[in-house]
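A.B. asks: Please put together the full structure from these sequences, using the hints given.
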Amino acid sequence: MQCYLRAVADNMRHNTPTLAHVRRGSFFFVELKGYGWRNFSMTLDKKVTSVYQDAYPIKVKKILIVNPPALSLFVAIKEICKVFVKKKTIDRVAPVSPEGLSQYFEHDQIPAYLGGGYAQDFWQKRDENLKIHRASVAEMESGSGPRAATVSM
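The working numbering numbers the first residue of the sequence shown as 802 and each following residue consecutively.
This list has only true hints and no planted wrong ones.
Label-pair distances were calculated between CB atoms; the ranges are: (1) Lys926 / Leu845: 23 to 29 Å; (2) Lys889 / Leu845: 17 to 23 Å; (3) Val884 / Ala920: 38 to 44 Å; (4) Ser898 / Asn840: 17 to 23 Å; (5) Glu942 / Val831: 29 to 35 Å; (6) Ser945 / Lys847: 34 to 40 Å; (7) Gln910 / Gly944: 30 to 36 Å; (8) Ala920 / Pro858: 28 to 34 Å; (9) Val884 / Arg927: 30 to 36 Å; (10) Ser945 / Asn868: 43 to 49 Å; (11) Asp892 / Gln803: 28 to 34 Å.
Keep in mind the hints are simulated off the structure, nothing from the lab.
Quick reminder that beta carbons are idealized off the backbone N, C-alpha and C, glycines included.
C.D. replies: Written out as structure tokens, the structure reads:
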């Protein structure tokens, strides 16, 4: 589980390499072809949810579920998750067909296996974005980069 949670955190850093990316917000899609009850783990989902809701500075605009399981299973899992997922996050989760991704993403941002034109190697892009993330964090920590908003009490 620790390895999986580390991968989730790496994915968050990959998708939000700079403060500007964090402020802009993120759209995510998860491809669930073949997903079923045997794949569902409330323990794992609770841990992952705590990472993106409470532990990582990210603004989730939409989480699209591509090729969701049967609608009744999707609705049941969404209902179960309401116990530990914030309402505003649950409201941002929606099923979508591969063709429907074009409503949210440019053609070149959608992987080829889902009908898009994104051909770059994922791992190469991930490594590039993680380098940008590390440089951005170092810049902010040095005091020369953009600052997060502060609130006076």
